[in-house]
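Trainee: So the chains spell out like this:
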Amino acid sequence: MHTLTRYGFSNVICGFFAFPTAHARRILPSDLEPIELHHDSAVFSMTVFDFTHSEIGAYREVVMAVIVAPLLKRGEPMPKAAFYPYLVATNTRAARDHAIQRWHLPHWKSDVDIQFHAQQGQLSALVTADDAPVAELAVTDHSWEPVAHRYQSFMRDDARLYQARVTMQGELCEHEEETGRLRLHRHPFNRSLSIEDIDERPFREQWMRDGLQTFEPLETLREA
Amino acid sequence: MDSGMDGLQADRIAKSPFDEYDYSNFYHSAGDDPLNILGPFDEWYRDAYPKGYYLYQEPLVTAPTTRITLKNGKTGRLQELINLASYNYLGISYRPEVKQAAIAAIEKYGLGASGSPILSGTFDIHRELEERIAAFKGKPAAVLFPTGYCANVGFISALMRAGDSIFLDQFAHASIVDGAILAKSNTIFFRHNNAGDLERKLGRAHGRKLVVVEGVYSMNGDLCDLPAIVAVARRHGARILIDEAHSTYVFGASGRGAVEHFGLEDEVDFHLGTFSKALGGQGGYVCGGRDLVTYACAFGRSRVFSCNLAPSAAAGALAALGIVEREPQLRAQLWANIAFMRRRCAEEGIDIGKSASQVMPVMVNNDRKIFAVAGKLQDRGVFLNPVTYPAVPKHKSRLRMSVTSAHTQDELETAVRTIGAVLREEGLCTR
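Protein chains in written order, with this note's numbering: chain A, 1 to 224; chain B, 1 to 431.
Hints were generated in silico from the structure; no laboratory data involved. Heads up, a few of these hints could be off.
Unchecked claim - List of simulated lysine-lysine pairs, BS3-like, C-alpha gap at most 27 Å:
1. B:K71 <-> B:K354
2. A:K73 <-> B:K376
3. B:K15 <-> B:K51
4. A:K80 <-> B:K354
5. B:K354 <-> B:K15
6. B:K71 <-> B:K99
7. B:K394 <-> B:K99
8. A:K80 <-> B:K376
9. A:K80 <-> B:K51
10. B:K51 <-> B:K74
11. B:K74 <-> B:K108
12. B:K369 <-> A:K80
13. B:K51 <-> B:K71
14. B:K74 <-> B:K15
Sequences are here, hints too, so could you generate the full structure?
Mentor: Okay, structure coming up:
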């Protein structure tokens with residue numbers, strides 16, 4: 001049976017940043033190829049979700065990811081993009097256990113605090129772990145349109161490489177005005193990143209609201 | 001909230017391929033068969049073509065003068081248009097003496113060079129052109145390349161190696177980026193025209209460093225902040241290459257480009273240019289010291305392994321260069337036309353961004369309407385090329401407008417009124 005898992009959200013904000021391809025390769029499994037914004041510049045993304053309803057209730061989540069080349073199979077719909085989440089954190093244990101068990105997503109092992117702050121034409125999210133700030137991401141408003149975009153997410157554990165097809169439906173605002181901002185703090189959470197190599201202004205910002213994230217069942221791509 | 005019910009919500013907001021995807025979605029893909037990307041791209045292109053992509057690669061059936069005849073990509077009908085899309089900034093490519101020089105070269109040498117420049121493909125006329133362009137630029141020597149693209153690719157990859165660092169403006173031309181890729185050096189992009197960002201990035205690099213900038217940036221028409229870039233590069237011991245494709249013969253008292261404009265001719269190490277922009281011909285070159293040219297001749301693979309520039313193109317460029325040197329009034333007329341268009345665009349409420357040159361982006365800033373705007377303009381007699389994502393950032397779509405010295409004020413006035421009217425009709429200009 002084709003079983004879908006759905007997560008309703010009120011807001012999702014995402015910033016995309018260039019960072020050295022060599023750093024991206026250090027994070028990625030050898031099967032995955034980073035896409036490049038420019039030669040030698042891969043793409044790092046930080047996404048913060050405010051989930052309002054799901055099978056494990058309401059929760060908040062931050063996803064640190066590297067954008068990778070999508071896996072194309074003849075006859076299948078083409079995804080808009082593909083990503084490899086290398087670190088996820090949530091503010092509830094239930095959400096963390098659920099995502100680890102079902103999606104094999106690598107998690108920060110304790111709860112984090114995520115506070116959204118709305119201002120005129122801007123939404124920001126402050127992530128705190130172990131009472132210390134981790135990151136603050138702000139994105140800004142632009143034109144909005146209803147979308148239903150297909151993505152691929154790749155995950156791995158000690159034994160396997162997995163793929164999940166994800167659809168993001170809702171109102172999307174996407175632009176490259178370079179008006180958003182990211183502040184990454186020196187914190188163990190960010191140890192995979194070389195903070196000085198990441199510009200504080202995202203080259204692209206996305207903001208989705210009042211939508212639904214839908215996961216198709218996990219597919220195993222490779223056994224160890 | 002598991003559900004095994006209906007299909008994905010994506011199917012409920014079904015959009016056409018052109019609305020769903022953009023050009024960039026088809027560049028990166030993985031899987032077991034490289035042909036898997038062809039089908040989706042073909043489906044997308046067949047949808048994109050009638051919706052706007054027909055505006056690309058439409059064949060001209062006349063010379064690229066200020067008025068052209070073009071075969072419409074959608075209808076197949078011939079259209080007579082005011083041409084604001086060709087380079088030809090000084091209106092030279094179709095001058096009788098230029099055409100005669102090219103014809104005479106064909107009579108003398110035939111169609112092509114029939115050989116690599118390092119073997120049998122160098123003719124006396126190539127040597128003459130190298131000497132003339134070096135003299136014009138005030139440099140000891142020059143080396144020709146078949147195109148401007150080849151010049152950047154060949155020169156950068158000849159000079160730099162793995163382990164070196166190349167610093168590129170984020171809006172650097174593809175030929176510069178490709179040169180860096182071929183060099184296998186570390187490639188570091190700095191924010192456009194931002195000497196502070198360049199300084200921050202240079203400060204973390206070691207070894208041999210090359211900073212590459214352009215005199216005029218081809219999508220924005222803005223001028224390089226060369227004084228600040230040179231100061232930073234010098235502080236960090238980096239060499240500087242400037243690509244003056246769009247600024248040579250336009251900027252500077254003698255037309256020697258942005259370096260002359262800023263009085264920095266001796267501060268920049270490598271001077272690259274083309275014959276294809278202001279002169280309306282073909283071919284590229286690098287000027288510098290004799291040792292530099294000798295090295296580029298030996299290791300510039302895009303030159304060594306290409307057939308040399310056609311002798312007719314070299315002869316045409318020589319004649320065109322003669323016109324530039326004899327007729328400084330052409331440059332004066334170009335700047336008068338630039339001033340006229342800047343004023344009239346401002347009066348019509350047309351946003352030309354930060355343009356400081358003959359390259360003026362008509363900012364539409366609407367990725368959905370850009371093709372409708374360009375199509376309407378073409379139907380009303382004005383030829384401008386639409387430029388959209390990923391060539392420029394999302395929501396920064398524009399029409400790339402090239403003003404030349406050959407345009408009459410009537411032609412420019414007609415064009416600017418038509419552009420203003422179409423933008424107003426589309427709700428993109430309120431004045």
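Trainee: Of all the hints numbered above, which does this structure not satisfy? Sort the numbers upward.
Mentor: 1, 2, 4, 5, 7, 8 and 11
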